[in-house]
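Protein chains in written order, with my numbering: chain A, 2 to 228; chain B, 119 to 411.
Treat the hints with care, since some could be wrong.
[As the list claims (entries may be wrong)] Below are the DSS-like pairs computed for lysine-lysine, each with C-alpha atoms no more than 25 Å apart in a straight line:
#, chain 1, residue 1, chain 2, residue 2
1, B, K259, A, K57
2, A, K5, A, K42
3, B, K156, B, K259
4, A, K5, B, K259
5, B, K170, B, K257
6, B, K342, A, K57
7, B, K170, B, K193
8, B, K156, B, K170
9, B, K322, B, K363
10, B, K252, B, K363
11, B, K193, B, K411
12, B, K149, A, K5
13, B, K322, B, K342
14, B, K411, B, K170
15, A, K5, B, K363
[To be verified] These stretches of chain A come out as covered by chain B in the derived footprint (C-beta under 8 Å, 3 or more residues):
#, region
16, 14 to 25
17, 44 to 58
18, 118 to 125
Source of the hints: derived by calculation from the structure; they are not laboratory data.
We treat Cβ as the ideally placed atom computed from N, Cα and C, and that holds for glycine.
Read off the chains here:
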Amino acid sequence: MTIKSVFDIIGPVMIGPSSSHTAGAARIGRMARSILGEEPKSAQIYLYGSFAKTYKGHGTDRALIGGLMGMDADDSNIKTAPELAAKHGLDVEIRTGTGLEGTHPNTVHIYLTGVSGRKVFVGGSSVGGGNVLVSRINDFDVAVQGRYPTLLVEHTDIPGMVGRITTILGGSGINIAEMRTARNEKGAGAFTVIQTDQPVTEKVVTGIAGLPDIITVSKILPFREVI
Amino acid sequence: MRKILSVADIVTESENRHCTISEIVIEREQKLHEAGRKEIWDRMAGLWEIMKQSMVTAERNPARSLSGLVGEENKLLVEYMKTKGTLAGEGTVQAAARAMGVAALNASMGKIVACPTAGSCGIVPAVLLTTAEKTGAGKEKIIAALFTAAGIGMVIDENASTSGAEGGCQVECGAASCMAAAAAVELAGGAPAQAAHAGAIALKSVIGLVCDPVAGLVEVPCVKRNAIGAGNALLAADMALAGIKSIIPLDEVIGAAAQVGRIMPDSLKETAEGGLAATPIAREIARRLGVTK
Numbered sequence: 002m003t004i005k006s007v008f009d010i011i012g013p014v015m016i017g018p019s020s021s022h023t024a025g026a027a028r029i030g031r032m033a034r035s036i037l038g039e040e041p042k043s044a045q046i047y048l049y050g051s052f053a054k055t056y057k058g059h060g061t062d063r064a065l066i067g068g069l070m071g072m073d074a075d076d077s078n079i080k081t082a083p084e085l086a087a088k089h090g091l092d093v094e095i096r097t098g099t100g101l102e103g104t105h106p107n108t109v110h111i112y113l114t115g116v117s118g119r120k121v122f123v124g125g126s127s128v129g130g131g132n133v134l135v136s137r138i139n140d141f142d143v144a145v146q147g148r149y150p151t152l153l154v155e156h157t158d159i160p161g162m163v164g165r166i167t168t169i170l171g172g173s174g175i176n177i178a179e180m181r182t183a184r185n186e187k188g189a190g191a192f193t194v195i196q197t198d199q200p201v202t203e204k205v206v207t208g209i210a211g212l213p214d215i216i217t218v219s220k221i222l223p224f225r226e227v228i
Numbered sequence: 119m120r121k122i123l124s125v126a127d128i129v130t131e132s133e134n135r136h137c138t139i140s141e142i143v144i145e146r147e148q149k150l151h152e153a154g155r156k157e158i159w160d161r162m163a164g165l166w167e168i169m170k171q172s173m174v175t176a177e178r179n180p181a182r183s184l185s186g187l188v189g190e191e192n193k194l195l196v197e198y199m200k201t202k203g204t205l206a207g208e209g210t211v212q213a214a215a216r217a218m219g220v221a222a223l224n225a226s227m228g229k230i231v232a233c234p235t236a237g238s239c240g241i242v243p244a245v246l247l248t249t250a251e252k253t254g255a256g257k258e259k260i261i262a263a264l265f266t267a268a269g270i271g272m273v274i275d276e277n278a279s280t281s282g283a284e285g286g287c288q289v290e291c292g293a294a295s296c297m298a299a300a301a302a303v304e305l306a307g308g309a310p311a312q313a314a315h316a317g318a319i320a321l322k323s324v325i326g327l328v329c330d331p332v333a334g335l336v337e338v339p340c341v342k343r344n345a346i347g348a349g350n351a352l353l354a355a356d357m358a359l360a361g362i363k364s365i366i367p368l369d370e371v372i373g374a375a376a377q378v379g380r381i382m383p384d385s386l387k388e389t390a391e392g393g394l395a396a397t398p399i400a401r402e403i404a405r406r407l408g409v410t411k
């Protein structure tokens with residue numbers, strides 16, 4: 002069991018009203034932006050469970066949009082994020098959905114399109130106290146919490162890929178905290194999620210992107226510790 | 119590194135060493151983070167600045183919540199206090215107004231410090247600022263008192279919970295009130311044992327309080343419970359400073375709250391299915407806001 006800190010009791014600094022419905026939503030939005038890896042141009046957001054029922058009163062929609070624009074959970078601009086998004090040319094559609102029985106009550110699905118036309122699907126949940134879990138990226142089941150620097154690599158499912166990726170990380174002195182590779186069928190696309198102790202540098206991202214059989218590379222910065 | 123297991127441990131250690139509760143909590147935090155005292159102190163000082171700012175913003179620029187259900191409580195109470203005087207005493211009413219102001223700021227998407235949660239964020243800052251004004255305590259003492267509040271909060275978190283979804287409002291606004299009462303005693307120069315008695319009296323008085331938010335929003339009754347939590351804390355602190363002891367020690371009160379939380383039905387733990395959330399008017403509000411059909 003983790004030993005609590007005084008700052009788990011007093012803190013975090015956040016935009017209200019709810020750590021799960023507002024702060025967590027902003028974090029999922031920001032993670033989706035990182036996964037896309039570029040400025041988003043349009044977003045279709047589907048809310049489920051408690052998110053779908055209470056999003057207006059909790060500003061869940063505003064927080065998600067703020068996150069998509071790169072805002073942290075303590076950014077005062079979250080309140081006016083929809084207006085700011087409209088100004089920036091980010092087209093957002095919010096819908097509520099049903100039929101996701103068995104998933105966490107605070108779940109969101111985001112279909113994101115970037116300025117270059119790149120598309121990504123991100124499914125995530127706000128699991129309490131501002132903590133989040135991204136459980137789906139495109140067709141792959143993942144488990145990303147955003148507490149560590151995270152590298153996401155989509156690649157062809159062939160022998161040696163993981164070794165080549167980790168060699169580049171090791172060469173830059175980046176230690177792997179946790180790693181998981183998922184695939185849908187043998188020999189097709191695979192998705193590797195690597196959580197690291199040190200920040201993932203641009204050089205590493207470029208190095209991995211330059212390897213053969215790599216489809217996409219993106220990284221997620223860990224949540225900034227506020228104050 | 120040992121967990122903080124009991125308030126009794128902290129009080130005994132501070133008595134043996136003739137120091138405050140905050141001193142024990144700060145030292146433990148230093149060991150936990152392998153960090154210097156200054157780093158930890160500055161981080162708490164930063165949180166206090168944001169708490170102060172939230173109280174200023176709440177008073178100068180009050181905003182209505184997204185649903186429109188709350189937002190003018192601080193203003194009304196301050197105006198009343200200034201023009202008509204008070205029944206409960208200026209300090210209590212001032213603290214209640216501040217607590218509601220911060221809680222309403224939270225409900226209007228303002229910036230707050232969760233303490234221990236967003237829904238109970240007004241109580242500790244309001245009680246500490248009001249106590250400091252009364253006793254003349256400076257910023258250093260307030261920051262120290264925040265460590266005391268956090269130390270008590272950690273014991274509650276370890277042995278019960280600080281989530282309304284797990285233990286009801288007794289461990290959100292109740293926990294905040296308990297933390298604030300103990301911290302106020304230290305701020306007023308009381309002994310560590312008195313701080314623990316104040317926390318015990320405060321928590322005992324709201325044990326069993328359910329989490330029943332109307333339409334599932336952090337607004338009704340949360341904002342007003344922040345006011346009552348602040349008043350409860352100040353009164354409990356006064357009682358302890360007067361030498362009144364809690365027959366049930368704080369650790370056992372926390373244990374009792376944990377037990378009550380375990381047997382509390384889910385309908386009274388943040389699900390908006392029971393209590394005030396299930397009243398006819400609350401159901402009507404939920405329909406109007408589109409939360410239910």
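Results for each hint:
| no. | hint | in the structure |
| --- | --- | --- |
| 1 | B/K259 x A/K57 | 40 Å, violated |
| 2 | A/K5 x A/K42 | 40 Å, violated |
| 3 | B/K156 x B/K259 | 15 Å, holds |
| 4 | A/K5 x B/K259 | 23 Å, holds |
| 5 | B/K170 x B/K257 | 11 Å, holds |
| 6 | B/K342 x A/K57 | 22 Å, holds |
| 7 | B/K170 x B/K193 | 17 Å, holds |
| 8 | B/K156 x B/K170 | 20 Å, holds |
| 9 | B/K322 x B/K363 | 12 Å, holds |
| 10 | B/K252 x B/K363 | 23 Å, holds |
| 11 | B/K193 x B/K411 | 34 Å, violated |
| 12 | B/K149 x A/K5 | 12 Å, holds |
| 13 | B/K322 x B/K342 | 19 Å, holds |
| 14 | B/K411 x B/K170 | 40 Å, violated |
| 15 | A/K5 x B/K363 | 29 Å, violated |
| 16 | 14 to 25 | holds (count 9) |
| 17 | 44 to 58 | holds (count 5) |
| 18 | 118 to 125 | violated (count 0) |
Checked against the numbered hints above, the structure breaks hints 1, 2, 11, 14, 15 and 18 and satisfies the rest.
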